[in-house]
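Produce the complete structure using the sequences and hints provided.
Listed below are the residues making up each chain.
2 protein chains.
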Amino acid sequence: MKMHNFNSGPSILPREVLQEAAEAIYNFDTVGLSILEIGHRTEWFIHVIEEAKSLVKELLGLDDNFEVLFLHGGATTQFMQVPMNFLEASKGAAYCVNGIWGKKAITEAKLFGPVTIAGSSAGKNYTFIPKDVSIPENSSYLHFTSNNTVEGTQWHHFPKTDVPLVSDMSSDIFSRKMDFSTCSLIYAGAQKNVGIAGTTLVIIRKDFLEHKNAGIPAIMDYKNHIDGGSLLNTPPVFAIYVSLLTLRWIKKEGGLAEMEKRSLERSTFFYEALDQLPLFLPTVAKEDRSRMNAVFTIEDKGLENKFLEACTENGMVGIKGHRSIGGLRVSMYNALPMESLELLVKLMEQFSHQYTS
Amino acid sequence: MKMHNFNSGPSILPREVLQEAAEAIYNFDTVGLSILEIGHRTEWFIHVIEEAKSLVKELLGLDDNFEVLFLHGGATTQFMQVPMNFLEASKGAAYCVNGIWGKKAITEAKLFGPVTIAGSSAGKNYTFIPKDVSIPENSSYLHFTSNNTVEGTQWHHFPKTDVPLVSDMSSDIFSRKMDFSTCSLIYAGAQKNVGIAGTTLVIIRKDFLEHKNAGIPAIMDYKNHIDGGSLLNTPPVFAIYVSLLTLRWIKKEGGLAEMEKRSLERSTFFYEALDQLPLFLPTVAKEDRSRMNAVFTIEDKGLENKFLEACTENGMVGIKGHRSIGGLRVSMYNALPMESLELLVKLMEQFSHQYTS
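Protein sequence lines correspond, in order, to chains A and B. Anchor point for the first sequence: position 110 equals 110 in this note's numbering, and the numbering is continuous, going up by one each time. Anchor point for the second sequence: position 6 equals 6 in this note's numbering, and the numbering is continuous, going up by one each time.
These are calculated hints, taken from the structure and not from any lab test. Some hints could be false.
To be verified - Derived lysine-lysine pairs resembling DSBU-like cross-links, with alpha carbons at most 35 Å apart:
hint : chain 1 : residue 1 : chain 2 : residue 2
1    : A       : K124      : A       : K301
2    : B       : K286      : B       : K251
3    : A       : K223      : B       : K103
4    : A       : K251      : A       : K2
5    : A       : K104      : B       : K206
6    : A       : K104      : B       : K124
7    : B       : K91       : A       : K110
8    : A       : K206      : B       : K103
9    : A       : K91       : A       : K212
10   : A       : K104      : B       : K91
11   : A       : K2        : A       : K261
12   : A       : K2        : A       : K346
13   : B       : K91       : A       : K212
14   : A       : K104      : B       : K57
15   : B       : K124      : A       : K223
16   : A       : K104      : B       : K110
17   : A       : K103      : B       : K223
18   : B       : K286      : B       : K320
Structure (structure tokens):
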């Protein structure tokens, strides 16, 4: 049975990326060694990481004012690493709280200095994006989560502010065109749109680095990683290689313009279907709906479980909502074929027909 | 040309591990998804990580007094994470310095409290293991590096002490039988004997955890990772899977007894040859020679480069010494076939014959 992968992350990858990744395990780039066995300071791997860094900048339209790193540790490490490097205790930092990940980021930031909540939708279960942000003028930075994977909301424009903007783009990077140069720091766990679990992309404006705190553990200091060419310690070689393959694929398919076009097609198609099937209840403000993760429920929890069983029977995986909020979630990342969504919508229609009186 | 891989890490893996890893990218365990695409909270992956944790304990002969974690970040992160969790500022910690990695570990520890040097070979370029350790009685712990990958020395017995023992076993874990239960914490980057770059194995005695510091960033707190079943955040799924395949291979081949036997055969064979070829100069104390990494030089640097060229021409990679000390290094990890070593020794003999007057 062909599987349809709606996982929220780790998630679906382009078929050709999987093919190339598997081939490189047998023999990497005809060097006679597996990608799993090559040294990270060899010319071979230096080419991999340099091409990956360069493609990140090219695809996002960033110039040499930005540095690109592929780090260990996942975005959760960034929750700590960002304030450790950039939260000046005398100034504090501002955080928009639009979901559980943003909330976790605040808990870490508070270990390093005062935090101002610049906007929050916590009172309404994070079902909308609070757009009017109020930020103390001299904040070290404003942190926000551009797409809320768990709740299914998304900032469709970056917040407007004069303080440095720090964006957790883990679940929507490389899915749309934005003016990324307005951000001072962007981070993203790779396992949604840019590879597999095991590496985190970090992009930093060079002038922001001048505000970095001193006395940071070596491995947490962004400046050290930049000076070490993203090779401060042994990097996650294979994870970075899969990111390179994914970046090449994005470029070949037409870059962010094409990714955005497909993402709009997928999400429009899915939300239109959702709005026409009263059995399924969307949970977030319409204007803030995520193009990456559609979150909804069925009121009758018995029926919701039955629907999940029907998904499993039809080879559709990853539709169960995040364990913190339950419900249903359909993730529609760059590599998801329309065919998978069409089959899912067909199943939803059949199910709806069967169980709506 | 068949390649012979003497890399110090990332390093050679068993052929069947590579084969199985590549196959799992096409289709993992017949679930119809790639190992690169499965969710980390699925039953499938829970089985992977639980089997890996259980095999670690079985192979090392550890009971349920120990917890096993597979973390992000590499051993360098542990240089910081160990003192962050366990260095009590009022007590300080003791460190044996037998190589550049141990020295780096101290730099990080000092950020969290006072450090006593319990023994050091820094004055002699780390060419021996200082065995008489002198430790303040109430130290939080004694940290040592069991094998020095760069310099080619190894502790053939664990240091004797009453304070909790913390061991960086990145480059010799799973290569020999020891009483691992005398350690309170063991950590090891996976990319030598237990998989690929991208995950770090951490083993902690439960009673040691009771001494953990408070107020630690969530992602750095070992207790959080244990409570989260090594799934606190999205783990490096594929890297952990390769560790599982490697652990299965070690068990199937005969466990640590067999790994030790092979390691002794390899290192004895190589050092005997080295001692008979006066062109090549071993650099460390004979009694402290590492069974994992043999480090040596040729006095004439022009000839040393010529030898490296001859290695390359013969498909032998990874023999150049670490950039911090230069020279030559031959790494002989678990997966290295005797055939590779035999061919290397033959080349050394020919070279020696040609250039020794």
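Here is how each hint holds up against the structure:
no. : hint             : in the structure
1   : K124/A to K301/A : holds (21 Å)
2   : K286/B to K251/B : holds (31 Å)
3   : K223/A to K103/B : holds (20 Å)
4   : K251/A to K2/A   : holds (27 Å)
5   : K104/A to K206/B : holds (27 Å)
6   : K104/A to K124/B : violated (48 Å)
7   : K91/B to K110/A  : holds (27 Å)
8   : K206/A to K103/B : holds (30 Å)
9   : K91/A to K212/A  : holds (13 Å)
10  : K104/A to K91/B  : holds (32 Å)
11  : K2/A to K261/A   : holds (26 Å)
12  : K2/A to K346/A   : holds (16 Å)
13  : K91/B to K212/A  : holds (31 Å)
14  : K104/A to K57/B  : holds (32 Å)
15  : K124/B to K223/A : holds (32 Å)
16  : K104/A to K110/B : holds (28 Å)
17  : K103/A to K223/B : holds (20 Å)
18  : K286/B to K320/B : holds (21 Å)
The structure fails to meet hint 6 from the earlier list, while all remaining hints are met.
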